[in-house]
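So for the sequence shown, numbering that gives the first Met the number 0 puts the first residue at 0; every next one is plus one.
Since the hints were derived computationally from the structure, they do not count as laboratory data.
Keep in mind it's a predicted model, so treat the numbers as computed, not measured.
Here a beta-carbon is modelled for each residue, glycine too, at the ideal position from N, C-alpha and C.
Among these hints, one or two may not hold up.
Here are the simulated distance ranges between beta carbons [as the list claims (entries may be wrong)]:
no., residue 1, residue 2, range
1, S26, T3, 18 to 24 Å
2, C42, G14, 21 to 27 Å
3, V62, E8, 25 to 31 Å
4, Q32, N57, 33 to 39 Å
5, V62, K38, 33 to 39 Å
6, E56, K21, 16 to 22 Å
7, C42, R4, 32 to 38 Å
8, N57, K21, 17 to 23 Å
9, S20, M0, 18 to 24 Å
10, G24, L60, 27 to 33 Å
11, M0, T28, 34 to 40 Å
12, D41, K61, 16 to 22 Å
13, N15, C42, 19 to 25 Å
14, V62, H37, 22 to 28 Å
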Amino acid sequence: MEITRQEYEAIINNGNDINISKISGCSSTSMDQCEQCHKYYDCHTIAIANDILAAYENDVLKVR
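Work out the full structure, taking the sequences as your base and the hints as a guide.
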């Protein structure tokens, strides 16, 4: 998976978190906030966030 500029800009905390509000219509600003949402188990945003972080980690490892 290649990270888009918008997705890359959503990465926070040195690649350990995503500002969810930058990749969806949700107002959560972190994955922890997303997990507290009552829609969490029916929402695919956290899966997308995890995919973005995995792709980011792979990109970082390629640079090293």
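For this session: Kindly indicate which numbered hints from before are broken by the structure, ordering the numbers from low to high.
Result: 3, 4, 7, 11, 12 and 14
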